[in-house]
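*Asks:* These protein sequence lines map, in sequence, to chains E and A.
The numbering of the first sequence is the working numbering, which starts it at 1 and goes up by one.
The numbering of the second sequence is the working numbering, which starts it at 254 and goes up by one.
It is worth saying that the hints were derived from the structure and are not from the lab.
Being a predicted model, the structure only gives us computed values, none of them experimental.
Errors might be hidden in some of the hints.
Unchecked claim - The calculated lysine-lysine pairs, modelled on DSSO-like cross-linking and capped at a C-alpha distance of 27 Å, are: (1) E/K6 with E/K23; (2) E/K21 with A/K740; (3) A/K748 with E/K56.
As the list claims (entries may be wrong) - Some chain E residues flagged as far from chain A (calculated, every beta-carbon gap over 10 Å): (4) S28; (5) C65; (6) C70; (7) T238.
The beta carbon of each residue, even a glycine, is placed where N, CA and C say it ideally should be.
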Amino acid sequence: MTQGKKTINITLKVWRQKGPKHKGRLESIPVKDVSTDMSFLEMLDVVNERLTLEGKEPIEFDNDCREGICGMCGAVLNGIAHGPEKGMTLCQLHMRKFSDGDTIVVEPWRSRAFPIVKDLIVDRSALDKIIQAGGFVSMATGGAADANAIPISQEIAEKAMDAAACIGCGACVAACPNASAMLFVGAKISQLALLPQGKPEAAERALSMLGKMDDLGFGNCSNERECEAVCPKEIKITNIARFNREFIKASFG
Amino acid sequence: MQLDAKVPGGPLAEKWDRHLFELKLVNPANKRKFEIIVVGTGLGGASASATLAELGYNIKAFCIQDSPRRAHSIAAQGGINAAKNYPNDGDSIWRLFYDTIKGGDFRSREANTYRLAQVSNNIIDQCVAQGVPFARDYGGLLANRSFGGAQVSRTFYARGQTGQQLLLGAYSSLSRQIADGKVKMFPRREMVELVLINGKARGIVVRNLITGEYESHEADAIVLATGGYGNVYYLSTNATSCNVGAVFRAYKKGAFFANPCFTQIHPTCIPHSGDYQSKLTLMSESLRNDGRVWVPKDPGDKRRPNDILESDRDYYLEKKYPSFGNLVPRDVASRNAKEICDGGRGVGPTGYAVYLDFADAIKRDGKEAIEKKYGNLFDMYQNIIDANPYENPMMIYPASHYVMGGLWVDYNMMSNIPGLFVLGEANFSDHGANRLGASALMQGLADGYFVIPYTIGGYLAGTSFQEVRTDHPAFREATGEAEGRIKKLLSIKGKRTVDNIHRELGQIMWDYCGMARNREGLTKAIKLVQDLREEFWENVIVPGSDTDYNLSLQKAGRLADFLEFAELLATDALSREESCGGHFRDEYKTEEGEARRDDENFCHVAAWEYTGYGKPPKLHKEPLVFENVQLSQRSYK
Numbered sequence: 001m002t003q004g005k006k007t008i009n010i011t012l013k014v015w016r017q018k019g020p021k022h023k024g025r026l027e028s029i030p031v032k033d034v035s036t037d038m039s040f041l042e043m044l045d046v047v048n049e050r051l052t053l054e055g056k057e058p059i060e061f062d063n064d065c066r067e068g069i070c071g072m073c074g075a076v077l078n079g080i081a082h083g084p085e086k087g088m089t090l091c092q093l094h095m096r097k098f099s100d101g102d103t104i105v106v107e108p109w110r111s112r113a114f115p116i117v118k119d120l121i122v123d124r125s126a127l128d129k130i131i132q133a134g135g136f137v138s139m140a141t142g143g144a145a146d147a148n149a150i151p152i153s154q155e156i157a158e159k160a161m162d163a164a165a166c167i168g169c170g171a172c173v174a175a176c177p178n179a180s181a182m183l184f185v186g187a188k189i190s191q192l193a194l195l196p197q198g199k200p201e202a203a204e205r206a207l208s209m210l211g212k213m214d215d216l217g218f219g220n221c222s223n224e225r226e227c228e229a230v231c232p233k234e235i236k237i238t239n240i241a242r243f244n245r246e247f248i249k250a251s252f253g
Numbered sequence: 254m255q256l257d258a259k260v261p262g263g264p265l266a267e268k269w270d271r272h273l274f275e276l277k278l279v280n281p282a283n284k285r286k287f288e289i290i291v292v293g294t295g296l297g298g299a300s301a302s303a304t305l306a307e308l309g310y311n312i313k314a315f316c317i318q319d320s321p322r323r324a325h326s327i328a329a330q331g332g333i334n335a336a337k338n339y340p341n342d343g344d345s346i347w348r349l350f351y352d353t354i355k356g357g358d359f360r361s362r363e364a365n366t367y368r369l370a371q372v373s374n375n376i377i378d379q380c381v382a383q384g385v386p387f388a389r390d391y392g393g394l395l396a397n398r399s400f401g402g403a404q405v406s407r408t409f410y411a412r413g414q415t416g417q418q419l420l421l422g423a424y425s426s427l428s429r430q431i432a433d434g435k436v437k438m439f440p441r442r443e444m445v446e447l448v449l450i451n452g453k454a455r456g457i458v459v460r461n462l463i464t465g466e467y468e469s470h471e472a473d474a475i476v477l478a479t480g481g482y483g484n485v486y487y488l489s490t491n492a493t494s495c496n497v498g499a500v501f502r503a504y505k506k507g508a509f510f511a512n513p514c515f516t517q518i519h520p521t522c523i524p525h526s527g528d529y530q531s532k533l534t535l536m537s538e539s540l541r542n543d544g545r546v547w548v549p550k551d552p553g554d555k556r557r558p559n560d561i562l563e564s565d566r567d568y569y570l571e572k573k574y575p576s577f578g579n580l581v582p583r584d585v586a587s588r589n590a591k592e593i594c595d596g597g598r599g600v601g602p603t604g605y606a607v608y609l610d611f612a613d614a615i616k617r618d619g620k621e622a623i624e625k626k627y628g629n630l631f632d633m634y635q636n637i638i639d640a641n642p643y644e645n646p647m648m649i650y651p652a653s654h655y656v657m658g659g660l661w662v663d664y665n666m667m668s669n670i671p672g673l674f675v676l677g678e679a680n681f682s683d684h685g686a687n688r689l690g691a692s693a694l695m696q697g698l699a700d701g702y703f704v705i706p707y708t709i710g711g712y713l714a715g716t717s718f719q720e721v722r723t724d725h726p727a728f729r730e731a732t733g734e735a736e737g738r739i740k741k742l743l744s745i746k747g748k749r750t751v752d753n754i755h756r757e758l759g760q761i762m763w764d765y766c767g768m769a770r771n772r773e774g775l776t777k778a779i780k781l782v783q784d785l786r787e788e789f790w791e792n793v794i795v796p797g798s799d800t801d802y803n804l805s806l807q808k809a810g811r812l813a814d815f816l817e818f819a820e821l822l823a824t825d826a827l828s829r830e831e832s833c834g835g836h837f838r839d840e841y842k843t844e845e846g847e848a849r850r851d852d853e854n855f856c857h858v859a860a861w862e863y864t865g866y867g868k869p870p871k872l873h874k875e876p877l878v879f880e881n882v883q884l885s886q887r888s889y890k
């Protein structure tokens, strides 16, 4: 156990931008005596407390659950979405992963489809719009058959769950050189195409969600696999392959 | 004022069916003439918005997050209860009802709790049909696990992410209605006022968190599904934005606040480690199925846990409660952990932790089986504490997690303000003084999918409405009030940050109004909160402006509400001179140290009415009548 009193000194180079139409810049902020048991966001909290007392504006960043499930937080640290640890959101990253003297460049998600709101906050409503284009089973409340009426093999249920684990944070888009949302879309398409409940609409769903993704200014997939590398829920690009199969079936089937 | 819960007559099991028949219906063609506002997009809000829109109503839905998919329901880990009896272990609607009412220490309304158990099965059917990937057994049928406070296996789950999957199911239904134009979605909005016109709830004022602008919205009915106030303790398992704001605005406009002192301190959370701590992380209660809770017998035993012999360990829950063992309800598990630690036998760097040990389960089922069940929780633990729970026992300690109290509602989920409905954690109705594990998800979805869609129709069909527009003076006045508060916060320019004051409030509440309370402590807490509130309004510093995104300003507004609400919570705790469920008063306990209820004097809902700033609230009592269950001393021995 390394629980102790270890502290480090770091330098943040953090993106500051007043609003969507303002010009942004990197601001250098030295931070002393950071306990390595802190999470990265708690370190930012401490910096913000200091800035506030100095009469400056704190660094705005989105966060909510602080346990890696709501998908609200996210920033690019030294070029990597959600930071250096694999399979982890920014809020779960702890300062013990950094060393004394480190400089950490902190930037927002960058994508044409995600306009910057302020500092590290971006507008990800495009992801909601993609789901609205078909990321659901068209069934109304009431009158569903007994839950055990259709058995689903454990293997299929597990694969669907792997895909359904997506938290909609947008790191895949931020990491992709094309700013594509294919992993996000692929995960939803896969979850629903794997399950019998989602099959009837699988073809229409694939066409419609892909069309919406294109309309919203996301790029396409060129198999860079950057998305998979940064996904905090470690969603596999096999979901993109499954999506492509659904798309081909829908286009030529 | 006499509180009328409007519980339908007839035998318990027939009440809901009978009520459904007796409720007035809104003609399908007329539904599209009604506007309904739903605030919050968690399980209650998202399921209500989607279902009401499916029925044909026009919905405006609001959330403070950037997307309706992020409400805090998403963080629920363990599962959702239903009385399906798939494992054939003797479960039934009646048993789920009974467990829930007993678990709540006989302080919930019988008819509401029964209805909750009744619709529980429909929820599972509904979610499966939406494509929620619940865990399944090898035959492809749904798997169940057991949870605290129950001796049957009735909890459905999706790994340790059940809340996420259920919420995404509701969000997908909501998204479908947004695409159809039946729901107009307003993200990044915070409700800052409730607007009453002619005594009815007819609108809200929200603040656009991106632009700082105030927006007025009118409707025929308002549904609040805004979650709980667990962040009054500052450190809690709640998301950072969880707040009491919306329900407190309603309270100030006349809605009664019921049982605010019924708060739940969850037994299995990762212990506190430093002053910078921003939240406490929950480890799902499902871990108690396989983990064994223990501390060293000798307070001075500083050996590493694996070096402590079996004979030197005290498995205190198994010893004290042989029939439920590690699966006692949350309040019991939490209080025992506190007693052990207060007695000097806690472990870890602060002495405020107990072990939760998986060694026996790993020996019995193999590491792989344990990893499959709890892998993500173990990873989460390792990441935060930097220790491997497969090799060393976890350390856990209780933390504020859920609140049973909330706005008073009748059987129709309507508050005492006509047209104001309250769902999920934001209301008080179903869990009494303690909620059982895996029942919050059940309640949120029951309220949203299967209760409000019918009961709101009864209200709309039976009420005559005057046309209301947002240029009505009541909206202007409400906007003015909200804006005045925001401007005031920015103008103070004091020396203490919002978080700094909130931390102090949390410490006061945790020390005097947490797992154990007493008269002296509560009286002291009320004074401390009053003083802190005064200091807040003189000495808080809120940076930035009110014309762009400003999280500090949002938090300041929420803290202002918490500082008033905390006093109400302590006042309620002081006036309830008994121990029940999560409300434990040192003065009222059995010889064995368990909660001692006073059914003669306190078998009621305490519903508080706001009487003005700084004035004592007025207490109204709704007597709880039990026609079907025998009130008994809760025993898990």
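*Asks:* For this structure, which hints from the list above don't hold up?
*Replies:* 1, 5 and 6
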